[in-house]
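Novice: Residues per chain are reported as follows:
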Amino acid sequence: MEILTTIFIQPFFDMAADPILFLQVIWEGFVTGILYSLIALGFVLIFKASGVFNFAQGIMVVFAALTLVGLHENGIPAYIALPITILVMYALAFSVERLVLRPLVNQPDIILFMATIGVTFFLIGFGEFIFGGEPKMMITEELLLPYGSITFFDDMLILQEIDIAASGIAALALIFLALFLGKTKIGIALRAVADDNQAALSVGVSLNTIWVLVWFISGIIALITGIMWGAKSDVSFALSIIAFKALPVLILGGFTSVQGAIVGGLIIGIGEKIGEFYWGDLVGGSIESWLAYMIALVFLLFRPQGLFGEKIIERV
Amino acid sequence: MESKFGDYLLSVDHISLSFGGVKALKDISFGIREKEVFAIIGPNGAGKTSMLNVINGFYHPQEGEITYKGVHRKQMKSHDAAVHGIARTFQNVALFKGMSTLDNIMTGRIIHMKRNLFWQAIYLGPARKEEMANREYVEDIIDFLEIQAIRRTPVGRLPYGLQKRVELGRALAMEPDLLLLDEPMAGMNIEEKQDMCRFVLDVNDQYGTTIALIEHDMSVVMDISDKVVVLDYGEKLAEGTPDEIRGNQTVIDAYLGVTTAN
Amino acid sequence: MLYREAGQFKTTYIRDQELFPVKQDRWGIFVIIGFSFIIVPLIANDYWLQAILIPFLIYSLSALGLNLLTGYAGQLSLGTGGFMAVGAYACYKLVTVFPETNVIILILISGLFSAGIGLIFGIPSLRIKGFYLAVATLAAQFFFEWLFGRVQWFYNYNNSGAIEVPVRNFFDIAVTGPTATTQARYMVVLCIVTVLALVAVNLVRGRIGRAWMAIRDMDIAAELIGIRPFPTKLIAFAISSYYAGVAGALFVFTYLGSAEVEVFDINMSFEILFMVIIGGLGSISGAFLGAAFIVLIPILITNLPLILGIPINSATVEHFNFMILGALIVLFLIFEPHGLAKIWSIVREKLRAWPFPY
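Protein chains in written order, with this note's numbering: chain A, 1 to 316; chain B, 317 to 578; chain C, 579 to 936.
Note that these hints are calculated values from the structure, not bench results.
Nothing here was measured: the structure is a model prediction, and the numbers come from that model.
Treat the hints with care, as some may be off.
What the hints assert, rightly or not - In the DSS-like style, the derived pairs of lysine-lysine whose C-alpha atoms are separated by at most 25 Å in a straight line are:
id: 1; chain 1: B; residue 1: Lys393; chain 2: B; residue 2: Lys445
id: 2; chain 1: C; residue 1: Lys920; chain 2: C; residue 2: Lys671
id: 3; chain 1: B; residue 1: Lys390; chain 2: B; residue 2: Lys342
id: 4; chain 1: A; residue 1: Lys136; chain 2: A; residue 2: Lys48
id: 5; chain 1: B; residue 1: Lys385; chain 2: B; residue 2: Lys413
id: 6; chain 1: C; residue 1: Lys601; chain 2: B; residue 2: Lys445
id: 7; chain 1: A; residue 1: Lys183; chain 2: A; residue 2: Lys48
id: 8; chain 1: B; residue 1: Lys385; chain 2: B; residue 2: Lys509
id: 9; chain 1: B; residue 1: Lys390; chain 2: B; residue 2: Lys430
id: 10; chain 1: C; residue 1: Lys928; chain 2: B; residue 2: Lys385
id: 11; chain 1: C; residue 1: Lys707; chain 2: B; residue 2: Lys351
id: 12; chain 1: B; residue 1: Lys413; chain 2: C; residue 2: Lys601
id: 13; chain 1: A; residue 1: Lys48; chain 2: C; residue 2: Lys707
id: 14; chain 1: B; residue 1: Lys393; chain 2: B; residue 2: Lys342
id: 15; chain 1: B; residue 1: Lys390; chain 2: B; residue 2: Lys413
id: 16; chain 1: B; residue 1: Lys351; chain 2: B; residue 2: Lys393
id: 17; chain 1: B; residue 1: Lys413; chain 2: B; residue 2: Lys509
id: 18; chain 1: B; residue 1: Lys393; chain 2: C; residue 2: Lys707
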């Protein structure tokens with residue numbers, strides 16, 4: 001009986017007893033959730049345009065951040081390092097299209113998925129080989145990002161400025177993306193490809209260009225995520241485990257839905273912070289490492305296509 | 317002629333099937349007698365394949381009843397249908413691409429194989445005996461369909477006509493009472509069609525299997541089937557012997573007229 | 579002796595369904611087995627046994643299990659490391675709770691625990707396919723990594739947080755723990771791997787193997803010919819996890835001697851998957867070839883520069899290992915998705931026809 005109380009009742013009393021703390025936990029979850037959403041977003045873009053389940057999306061986040069910081073460590077100022085990093089992400093998109101996607105075109109999805117696992121391993125090895133494996137500090141100051149904190153309710157609620165900036169930048173990125181997809185010619189071509197590869201080809205959209213483009217956009221999203229994330233902790237491939245969190249987000253939101261990526265990211269981010277803070281200690285702590293997956297797993301059993309995914313009708 | 321056929325093996329009563337708002341089948345009823353060759357014809361999108369899908373339990377109709385071997389049910393379950401003797405070939409060949417011809421046909425025997433995991437793991441005694449008995453059955457089918465030479469070939473490498481034949485072999489291996497053939501002659505040249513007709517009639521003769529088939533080639537249908545039902549836009553237009561269908565004005569207007577006009 | 583099958587006629591289906599219908603193959607496999615059972619323990623030194631052969635055999639076993647699931651039944655799993663951990667910790671608990679019971683039996687029983695766990699994590703395969711399922715199996719990976727690292731009961735409240743393998747005898751010969759000789763441990767691994775490999779071969783050539791492949795190649799058609807997809811997939815999950823579990827137990831008990839849960843991290847899952855891809859999806863011998871390949875790469879990267887006189891530090895070896903593995907995976911998927919086993923069978927076809935290829 002006592003155990004049941006501790007599990008099912010006590011945590012809610014704790015929440016009610018200190019609402020400001022609860023708010024703080026939600027805020028932390030919200031910020032993490034935004035970053036999950038961004039990773040998931042890069043992923044959804046690639047999946048929609050090329051049908052590739054890009055396992056490397058999480059690693060691209062770390063790789064982008066590592067390139068930026070690594071260049072800066074070698075004496076290149078931030079305002080030059082940033083464009084170079086963007087170029088590197090373009091080179092990556094280009095190489096992936098040329099060396100991986102194009103030779104594997106029309107292969108089963110699962111083969112392409114495994115190929116991106118290969119890309120993941122290659123990027124880890126390559127990144128560490130060039131820039132070294134030890135954790136690095138994100139160059140927050142040089143990028144003109146704020147690093148102080150704002151407090152409310154007599155210092156009870158603390159908001160890091162970088163987190164606020166992260167939310168703002170993420171929102172901006174989303175708006176840009178929406179405009180890009182909806183208003184520009186390339187964006188419309190991209191959506192055409194997402195709907196039907198063959199049909200898009202027949203009206204003169206070049207698949208290869210589109211693929212390079214979506215991988216590049218995903219690379220830039222990865223860079224933004226990497227900077228934000230790096231500012232909160234440090235930059236190393238140990239982060240990649242956290243980046244895997246984007247996968248449950250996708251399951252929750254559905255693989256093809258932009259809204260799904262955002263909502264899913266926030267649910268997972270807030271859910272796991274609350275779970276960790278109010279229930280984690282009951283079972284030994286650090287349940288963040290798997291809670292998201294368990295939520296996704298349960299979800300899969302009841303709504304396999306995700307919150308916003310489309311239901312598939314099978315035919316013979 | 318009529319004496320060749322037994323009782324109704326399968327009958328469908330007032331079947332309706334819809335996907336969302338689209339009505340694929342509207343109030344369809346017909347019966348298939350034992351040992352009959354039963355053809356379902358109609359233009360594209362008439363609901364022929366949907367009808368087969370309902371019979372072997374892949375689609376579940378919203379309304380109506382299916383009577384199979386005297387048992388009434390709202391719908392078939394695909395696994396039950398298979399175990400109780402409904403086998404099927406597909407419009408677009410649905411073979412197991414990674415396996416050889418022999419293995420593909422052997423999969424049809426799975427419902428007749430009973431040995432448990434333990435015996436399979438050691439592969440001696442009962443499991444091997446069972447395997448061999450079934451292998452012999454399958455070899456008979458391979459002989460019957462004249463595909464001895466491609467026994468060990470992965471089916472992905474076979475030409476389309478042979479793939480269709482292997483698929484028929486897999487269905488036959490299930491020892492079906494009712495065999496559903498979805499456009500068995502589509503995309504074949506004239507010789508392959510003749511072979512396939514021969515196999516269909518031989519199966520009907522030798523094994524006494526009831527056959528329901530969908531086919532677009534009217535000369536084939538009129539030649540080999542005992543009974544024909546015509547569907548159009550999910551509705552039943554007519555039912556009868558090939559001669560009756562040939563003379564039916566509604567059918568000529570809706571369907572046959574188009575082909576004869578060519 | 580030429581590799582030729584002319585003149586070897588089969589008069590019964592039993593002979594035709596044999597494992598190695600070609601006489602030369604049959605002799606080849608006998609020689610390999612005889613060699614590894616008799617000659618290897620006599621001539622191999624500790625380095626070869628400990629650093630290469632024992633891990634090679636254990637990885638092969640785990641890859642074999644994953645190949646049954648992924649290569650034959652077509653269900654991708656990224657949780658192999660987790661399932662191996664279940665086997666290892668189950669074995670550790672069993673050995674400490676039942677100190678009198680024969681350790682080899684306990685190793686085989688510990689596989690049953692991971693089989694049960696595999697069954698549970700296979701349940702989502704009822705509703706989902708492909709990479710959705712892969713994500714679901716990642717849940718197993720992260721959950722068990724956490725569970726065995728956090729819940730002290732599993733490692734008997736050791737201060738180190740590691741599980742230490744006690745000395746256990748098999749007919750008065752120590753086979754596990756610090757006093758067991760490398761030869762003894764090698765023989766244990768070899769026996770178990772040989773038996774389980776034989777079982778795997780038998781399973782895939784019989785009814786259940788064909789049912790798996792049918793599900794893999796076209797699940798809808800499989801269902802319509804009377805294969806129940808769900809139990810068939812679940813059996814694949816259970817058997818595959820059994821192999822992973824036994825491999826995990828062997829990994830700690832006969833190879834590492836003591837271990838923390840980190841050895842079964844997600845990279846382990848990936849490595850096993852890579853073995854399956856490089857060796858060949860849907861091939862039993864492929865599991866062995868792939869394991870050999872991946873065990874040997876880091877050894878080559880370490881030793882090759884040494885031989886050439888170029889200094890290389892261990893971190894760089896690690897980085898190169900990752901890069902080469904990643905690149906190889908992509909290359910194999912592009913050029914030979916059926917892996918080394920397929921390359922071997924092409925060589926065999928060529929040999930068969932040699933010297934008259936037409």
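Novice: Look at each hint and say if it fits the structure.
Specialist: Here is how each hint holds up against the structure:
Taking the CA atoms of lysine 393/B and lysine 445/B, the gap is about 31 Å. The hint is violated against a cut of 25 Å. With a C-alpha separation of about 41 Å, the suggested pair lysine 920/C and lysine 671/C falls outside the 25 Å cut-off, and the hint is violated. The suggested pairing of lysine 390/B with lysine 342/B holds, with an alpha-carbon distance near 16 Å, which does not exceed 25 Å. Among the hinted pairs, lysine 136/A with lysine 48/A is inconsistent with the structure: their alpha-carbon atoms are about 34 Å apart, more than 25 Å.
Restraint check for lysine 385/B and lysine 413/B: not satisfied, since their Cα atoms lie roughly 33 Å apart, outside the 25 Å limit. Pair hint lysine 601/C plus lysine 445/B holds up; C-alpha atoms about 23 Å apart against a cutoff of 25 Å. Between lysine 183/A and lysine 48/A the CA atoms are separated by roughly 18 Å; this keeps the pair inside 25 Å, and the hint holds. For the proposed pair lysine 385/B and lysine 509/B, the alpha carbon gap of about 31 Å is over 25 Å, so the pair is violated.
Straight-line distance between C-alpha atoms of lysine 390/B and lysine 430/B comes to about 29 Å, which puts the hinted pair past the 25 Å bound. Taking the CA atoms of lysine 928/C and lysine 385/B, the gap is about 54 Å. The hint is violated against a cut of 25 Å. Using a Cα cut-off of 25 Å, the hinted pair lysine 707/C and lysine 351/B is violated, with the two alpha carbons roughly 40 Å apart. For the hint pairing lysine 413/B with lysine 601/C, the CA-to-CA distance comes to about 28 Å; that exceeds 25 Å, so the pair is violated.
This hinted pair checks out: lysine 48/A and lysine 707/C have alpha carbons roughly 18 Å apart, not beyond 25 Å. Taking the CA atoms of lysine 393/B and lysine 342/B, the gap is near 21 Å; set against the 25 Å cutoff, the hint holds. Restraint check for lysine 390/B and lysine 413/B: not satisfied, since their Cα atoms lie roughly 34 Å apart, outside the 25 Å limit. Pair hint lysine 351/B plus lysine 393/B holds up; C-alpha atoms about 23 Å apart against a cutoff of 25 Å.
Straight-line distance between C-alpha atoms of lysine 413/B and lysine 509/B comes to about 23 Å, which keeps the hinted pair within the 25 Å bound. Distance restraint check for lysine 393/B and lysine 707/C: the Cα-Cα separation of roughly 21 Å lies within the 25 Å cut-off, and the hinted pair is therefore satisfied.
When the structure is compared with the earlier hints, violations turn up for hints 1, 2, 4, 5, 8, 9, 10, 11, 12 and 15 and for no others.
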